[in-house]
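Student: Chains L and B, in that order, are what the protein sequence lines are. Each residue of the first sequence is one higher than the last, beginning at 1 in this note's numbering. Each residue of the second sequence is one higher than the last, beginning at 1 in this note's numbering.
Hints may contain errors.
Treat identical chains as interchangeable: a pair holds within one or across any two.
Stated by the list, open to error - Calculated pairs, SDA-like style, for lysine to any residue (alpha carbon to alpha carbon, straight line, at most 20 Å):
no., residue 1, residue 2
1, Lys100, Asn89
2, Lys50, Phe29
3, Lys139, Gly88
4, Lys36, Arg191
5, Lys117, Gly153
6, Lys181, Met121
7, Lys36, Pro180
8, Lys100, Pro151
9, Lys132, Pro115
10, Lys178, Ala41
11, Lys50, Ala34
12, Lys36, Ile21
13, Lys5, Glu186
14, Lys50, Val63
15, Lys117, Pro176
16, Lys181, Ser99
17, Lys117, Asn96
18, Lys36, Thr193
19, Lys135, Asp189
20, Lys5, Gln22
21, Lys140, Asn204
22, Lys132, Ser99
23, Lys135, Pro151
24, Lys5, Met188
25, Lys100, Ser123
26, Lys139, Met59
27, Lys139, Phe102
28, Lys5, Thr203
29, Lys178, Gln71
30, Lys178, Pro151
Keep in mind the hints are simulated off the structure, nothing from the lab.
Number of protein chains: 2
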Amino acid sequence: MKQHKTIERLIIYRLLLENEIQAGVRHIFSHQIAEKTGNTAAQVRRDLMKVGVAGHAKMGYDVAELISGIQTITESKNGISFVVIGAGNLGKAILNYFSKLFPHFVAVACFDIDPDKINHMISGVYCYPLEKFSKVVDKKHIHLGIIAVPPQGAQEAANLMIQGNIKGIVNFSSTPIKVPKNVFIENMDIRITLEKVAYFASTNL
Amino acid sequence: MKQHKTIERLIIYRLLLENEIQAGVRHIFSHQIAEKTGNTAAQVRRDLMKVGVAGHAKMGYDVAELISGIQTITESKNGISFVVIGAGNLGKAILNYFSKLFPHFVAVACFDIDPDKINHMISGVYCYPLEKFSKVVDKKHIHLGIIAVPPQGAQEAANLMIQGNIKGIVNFSSTPIKVPKNVFIENMDIRITLEKVAYFASTNL
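Using the sequences and the hints given, assemble the complete structure.
Tutor: In structure tokens form, the structure reads like this:
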């Protein structure tokens, strides 16, 4: 299942279902999932059919079964290991955020050019010099990288990741970067988002 | 100019141009902007025409003039003031990130339910109890809010913002929330993004 949008929806369903099960919900109907995630019930049923879990006409879907079914598709069994280039404020925030909120994500190393950070623990993760990038990710079998550097260093960080055989990149720098087609990239530009929302907030008054 | 996509592209151009001018670039052609932002040159020229700045056939656009032209459309003169609900790891990371990297964004208050945080400074910003939300944002004329609470508190935080006349919301919680049509919302789900990229990274091996 390679479709970008389907995978994204399945992940969103799973996060919803994890919240529901914590709240004591045991069964759920497709229209309820649809309503809470902004999809149509037909879309939800089509997506869940791909997961191979069938709903019961009167009870709906078994929430635990559904979570487990989606997990087999979207989640690796041993957690998701990743590295971060950039151990400044943003990099530290990302490392803290994931280690505390989502133990399923495991940061295994960070990289920086600052001598004060190199060879020290940054937010619980060892910081290596940039030059060691390929060696470290190869040894630790990492294929997921986060870019948390200022804009002017973003493409260089991406190039290091590509050379290091990283296959998925989340780019938090406020600048677009180029990657080859076999590398999957998502841009998380907090600044662009905030400026855009601020613009529409001011025109909505 | 209310078009969502145009505004987003203009903000992206401006961030690029701000980097270029720092690097000493004084003039730029539409095809250069296009290449660096992943648009077509024709699209860039159409967008910049709306800004009212004309390019020179031989020199291209004056970068400083272009930044200023885009700013008059996308940027408020006195900085962008916002509040944050949730002063945990994520909220603190957001407050730190913006105050250090983008002084143009001004966090004026944060809100939490934790007695250890209320009435203290959190990352340089005063933390109020949730009950004071409407009063504080009304007094400070804030219309932009960031939600940085766990999923189960997200809709309640959104409801407070809607009651408090917030018109633009950035939702960092890992759950969808509902807002009326006159409120602009963007979801920044770091977790969904990371899970999606991790999935595609693992299938790209």
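Student: Does each hint fit the structure? Answer for all of them.
Tutor: Each hint, compared with the structure:
Within a single copy, Lys100 and Asn89 get their C-alpha atoms as close as 16 Å, and across copies as close as 8 Å, so both meet the 20 Å cut-off. In the homo-oligomer, the alpha carbons of Lys50 and Phe29 lie at most 20 Å apart inside one protomer (16 Å), although the nearest pairing across protomers, at 47 Å, exceeds that limit. Taking the closest pair of Cα atoms, Lys139 and Gly88 never come within 20 Å of each other, the shortest separation being 24 Å inside a single copy and 34 Å across copies. With identical chains, the CA atoms of Lys36 and Arg191 are at most 20 Å apart between copies only, with a shortest distance of 18 Å across copies and 27 Å within one.
Taking identical chains as interchangeable, the C-alpha atoms of Lys117 and Gly153 lie at most 20 Å apart only when both belong to the same chain, with a minimum of 17 Å there against 36 Å between chains. Taking the shortest alpha-carbon separations for Lys181 and Met121, neither the intra-copy value of 34 Å nor the inter-copy value of 46 Å comes in at or below 20 Å. When the C-alpha separation of Lys36 and Pro180 is checked against a cutoff of 20 Å, the pair qualifies only between copies, where the shortest distance is 15 Å, while the shortest distance within a copy is 36 Å. When the C-alpha separation of Lys100 and Pro151 is checked against a cutoff of 20 Å, the pair qualifies only between copies, where the shortest distance is 15 Å, while the shortest distance within a copy is 27 Å.
When the C-alpha separation of Lys132 and Pro115 is checked against a cutoff of 20 Å, the pair qualifies only within one copy, where the shortest distance is 14 Å, while the shortest distance between copies is 44 Å. Taking CA atoms no more than 20 Å apart as the test, Lys178 paired with Ala41 passes between copies only; the shortest distance there is 17 Å, against 37 Å inside one copy. Taking CA atoms no more than 20 Å apart as the test, Lys50 paired with Ala34 passes inside one copy only; the shortest distance there is 16 Å, against 39 Å between copies. In the homo-oligomer, the alpha carbons of Lys36 and Ile21 lie at most 20 Å apart inside one protomer (14 Å), although the nearest pairing across protomers, at 45 Å, exceeds that limit.
Taking the closest pair of Cα atoms, Lys5 and Glu186 come within 20 Å of each other both inside a single copy (13 Å) and across two copies (18 Å). With identical chains, the CA atoms of Lys50 and Val63 are at most 20 Å apart within one copy only, with a shortest distance of 16 Å there and 50 Å across copies. For a Cα distance limit of 20 Å, the shortest separation of Lys117 from Pro176 qualifies neither inside one copy, at 26 Å, nor across copies, at 37 Å. For the identical chains of this complex, Lys181 and Ser99 are neighbours neither inside a copy (30 Å) nor across copies (36 Å), given an alpha-carbon limit of 20 Å.
Taking identical chains as interchangeable, the C-alpha atoms of Lys117 and Asn96 lie at most 20 Å apart whether they share a chain (16 Å) or sit on different chains (18 Å). In this assembly of identical chains, the alpha carbons of Lys36 and Thr193 lie at most 20 Å apart only when taken from different copies (19 Å versus 23 Å within one copy). For a Cα distance limit of 20 Å, the shortest separation of Lys135 from Asp189 qualifies neither inside one copy, at 29 Å, nor across copies, at 31 Å. Taking the shortest Cα distances, Lys5 and Gln22 never come within 20 Å of each other, neither inside one copy (26 Å) nor across copies (38 Å).
Within a single copy, Lys140 and Asn204 get their C-alpha atoms only as close as 49 Å, which misses the 20 Å cut-off; across copies the closest is 17 Å, which meets it. Taking the closest pair of Cα atoms, Lys132 and Ser99 never come within 20 Å of each other, the shortest separation being 23 Å inside a single copy and 31 Å across copies. Taking the closest pair of Cα atoms, Lys135 and Pro151 never come within 20 Å of each other, the shortest separation being 25 Å inside a single copy and 38 Å across copies. In the homo-oligomer, the alpha carbons of Lys5 and Met188 lie at most 20 Å apart both inside one protomer (17 Å) and across protomers (16 Å), since each shortest distance falls under that limit.
For the homomeric pair Lys100 and Ser123, the shortest alpha-carbon distances inside one copy (10 Å) and between copies (18 Å) are both at most 20 Å. Proximity of Lys139 and Met59 under a CA criterion of 20 Å is satisfied in neither setting, with 48 Å inside one chain copy and 49 Å between copies. For the identical chains of this complex, Lys139 and Phe102 are neighbours neither inside a copy (24 Å) nor across copies (36 Å), given an alpha-carbon limit of 20 Å. Only between protomers do Lys5 and Thr203 lie at most 20 Å apart by alpha-carbon distance; the minimum there is 15 Å, versus 31 Å within a single protomer.
In this assembly of identical chains, Lys178 and Gln71 lie within 20 Å of each other by CA distance neither inside one copy nor across copies; the values are 31 Å within and 26 Å between. For the homomeric pair Lys178 and Pro151, the shortest alpha-carbon distance inside one copy (13 Å) is at most 20 Å, but the shortest distance between copies (33 Å) is not.
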